[in-house]
Each structure stands twice: as C-alpha cells, then as structure tokens.
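K.L.:
As a plain string of letters, each chain reads:
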Amino acid sequence: MKAKHQRLVLALVAVGAIIGAAFLAMSALKDTAALFRTPSEVAKGQVPIDKPMRLAGMVVPGSIARDADGVTIRFLLTDEGATAPVRFRGITPDLFKEGSGAVAEGRLGADGIFVADNILAKHDERYMPPQMESAMKSEKDKAARQGRRP
Amino acid sequence: MHIFANPNRFLGIARPLTPWLGWGGAVLTAIALLSGLFLTPPEQLQGESVRIMYVHVPSAWLGMGGWTGIAVASLMQLVWRHPLAAVAARAVALPGALFTAICLVTGSIWGRPTWGTWWEWDGRLTSMLVLLFLYIAYIALAGATADRAGGSRVAAIFGLVGAINIPIIKYSVDWWNTLHQTASITLTKNTIDPSILWPLPIALIGFSMLFGGIVLMRMRALLAEARIEARLKRMADA
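As they're listed, the protein sequences go chains U and C. When the letters of the first sequence are read in order and numbered with numbering that gives the first Met the number 0, they come out as residues 0 to 149. When the letters of the second sequence are read in order and numbered with numbering that gives the first Met the number 0, they come out as residues 0 to 237.
Check the hints yourself; a few may be wrong.
To be verified - What follows is a list of derived Cβ distance ranges for each label pair:
#, chain 1, residue 1, chain 2, residue 2, range
1, U, Gly89, C, Val26, 42 to 50 Å
2, U, His4, C, Ile227, 34 to 42 Å
3, C, Glu228, U, Asp123, 52 to 60 Å
4, U, Glu79, C, Thr185, 17 to 25 Å
5, U, Arg88, C, Ala182, 34 to 42 Å
6, U, Lys50, C, Glu47, 35 to 43 Å
7, U, Ile48, C, Leu186, 25 to 33 Å
8, U, Ala20, C, Leu128, 35 to 43 Å
9, U, Ala20, C, Leu93, 23 to 31 Å
10, U, Ala16, C, Tyr170, 33 to 41 Å
11, C, Thr187, U, Asp110, 27 to 35 Å
12, C, Glu47, U, Gly89, 38 to 46 Å
No lab work stands behind these hints, which were simulated from the structure alone. Here a beta-carbon is modelled for each residue, glycine too, at the ideal position from N, C-alpha and C.
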C-alpha cells in the first residue's frame, strides 16, 4: 500500500513538473510561434522591414483595387486596431474576399506597403450553408455593399 | 477499472463486446458519411469541401483521445502495476497513429482549396504532426522493450510525458495566431449551422466505436501472443 502511494505521489509530481515546464516553454514561444504578424504590430513599428514574414488580418471591404497591368492587386488588411496596405502580384485563392481573413506572405517595404509574394485565405470557425448567408445578411452588410457600388 | 485487472475476466467482457463495437461503429460511420456526402448542404465559402469535416474532425478527436488513453493507461501501469494497462496502451498506439495520419491528410486536402496551401507550419498543424511522430516513437519504443513482464516502464513514462502535447494541440489556436480556425464547438457556443452539423456527432460516435473495437481486438491479440510465448517457454523448459 505504501509503495503504491509513493509511486502515485511521484508520478503526480512528475506530471506537474512537466506541465509547468511546458507552460513556461509555451508562453516563451508566444511571439515566435505565431504564424503571422498583425497590422497593429506594423503600426507600432514592431515589424522589421524587408524581413520575410506573414501579415494577416481581415481584408477591408471595398479596398481591393487592381493595377493597370491587370495582375497586381492592392488591398488593406485590418485587425480592428490598425490597417496595413498590401500589394500582391499573382493569383489569389478562391476564398480571398473582402471582409474575410487573409494571410499575406512577403516583406514589409520601407514605404510601409507590405509586398506579398503569396496570399492564403483564412477560414473562420463559422460554417453556414449558402441560403443561410443571404437570409442572415445584416442591414449593415447591405449598406456597406451599396456604398461600394453606388 | 480494477474489475478488469484479471485478464481472463477482461477477455470474458471484451470478446462479446468487440463485434458490437465494430459492426455498430461501421454502421454509424456509414450513416454519418453518406449523410455528409448526400444530405447536408455545401458551405457558403468552402463549397463541397466542407464535407471533409465529417472524416477530419472524428479523426482528430481520436488521434488526441488515443494519446489521452495511452497517458491514463501509462499512469495506471506505473502507479498501480495494472497487468492490462501496458497492453491497453500498446493496443491504442497503432489506431491512434492511423487516425492522426488521416486527420493530417484530410486537413491537407481541405487546406489546398480553402487556404490555398497544402501545408503551413502553424501551431495547430505542427503540434498535430508532432503527435504523429510521438505515436511512431511510442510504437517503436514499446515494441523494442515489450519482452519485459508487466510491460515496458520506459514506454509508460514516454506515454505520460507525451501527453503534454494534447493540451498544446487543443489550445494552439488560442495561444498563437494560426492559419487553422479556432474551435467551432465549445461548451458555450456552436458556430456550425445545424443543417451542416448534424452528421458530425453520429460520425464521432461511429468512429469512436470502431476505434474501441480495434483496440479490443488488438488487446486480445496481444494477450494471446503473450500466452503463446509463455506456453512455448514452458515447453522449451520441460
């Protein structure tokens, strides 16, 4: 009985120590394990210039504009706190849309424009069938749409 | 759990339970997957590729649940010297690795049309890949040290230590910003429309029953193997 309890205590202490160590490691990883930086971090000057990285946020509705060459697009990414301009030349994924999340891979230029060489679309945790989308379209959404195409 | 300490009593329960879990799980899985293919609507943004969810989510759940089982069994083996605990942990490892691999492959297939990439080194994807590597290491370690009576202690310690990856997988999407979306279903919210969601619980139960059936089968095989070896040893000694 005694040996059993000793082993139990030992095992629990070991497990506790491992959890503690992992928790410390994970919180230390907090910044480096992030897949992408945010427009707020760019605004605060925390993002190094001309280093390969990813920038993610929501594509500002109405911000996607195509250059005269037909393959370069410019848009704004926002994270509610700040907005960052992005330039990208290439083909975007199907889910890349105004108002949805996107991840841009590239470098931040000295002029503050993020030059992307790849775009990923981000899907959020909401799953809706198509007919639900039109039924649940909020008035605000509609207003934004009308404002974009007068 | 102590009721099952005796392998013979365990076999008395496991033998009739195996076909029920196996066939029941197969039927429920078939119902869920066919419903997910033909009865549910496509998703507004993902389109038809949302249907991968009915395989991807149960596989992820079993990959993580499998290692949780290994950790619990390892603790029981180390503390209570349970004769069946090591057998259970070894039996879980292979199907656990299989479902983790299915989760990674289906996720990759979904990621290509949805995100625009097969693979990205984000927190969720990387920690899930680490889980697959942990399973492979566990299988190798348990296999290499299996000849010890009462099971391998090294494998049990590894099973317990590796469990730290499970909460990391679960909370990776909350701790770090990741490409993978955060949880759709938590205790307090559900952001999947019911018309898309309903086959998922059936798939979860079906996959889990199949998993349970496979584990019982493998436990019985491992016990039979140990029995054969013991008999051969006795014959060699005689």
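K.L.:
Give a verdict on every hint.
P.N.:
Hints and how they fare:
no.	hint	result
1	Gly89/U with Val26/C: 42 to 50 Å	holds (47 Å)
2	His4/U with Ile227/C: 34 to 42 Å	holds (36 Å)
3	Glu228/C with Asp123/U: 52 to 60 Å	holds (54 Å)
4	Glu79/U with Thr185/C: 17 to 25 Å	holds (22 Å)
5	Arg88/U with Ala182/C: 34 to 42 Å	holds (35 Å)
6	Lys50/U with Glu47/C: 35 to 43 Å	holds (39 Å)
7	Ile48/U with Leu186/C: 25 to 33 Å	violated (43 Å)
8	Ala20/U with Leu128/C: 35 to 43 Å	violated (21 Å)
9	Ala20/U with Leu93/C: 23 to 31 Å	holds (29 Å)
10	Ala16/U with Tyr170/C: 33 to 41 Å	violated (19 Å)
11	Thr187/C with Asp110/U: 27 to 35 Å	violated (44 Å)
12	Glu47/C with Gly89/U: 38 to 46 Å	violated (25 Å)
Consistency note: the structure conflicts with the earlier hints numbered 7, 8, 10, 11 and 12.
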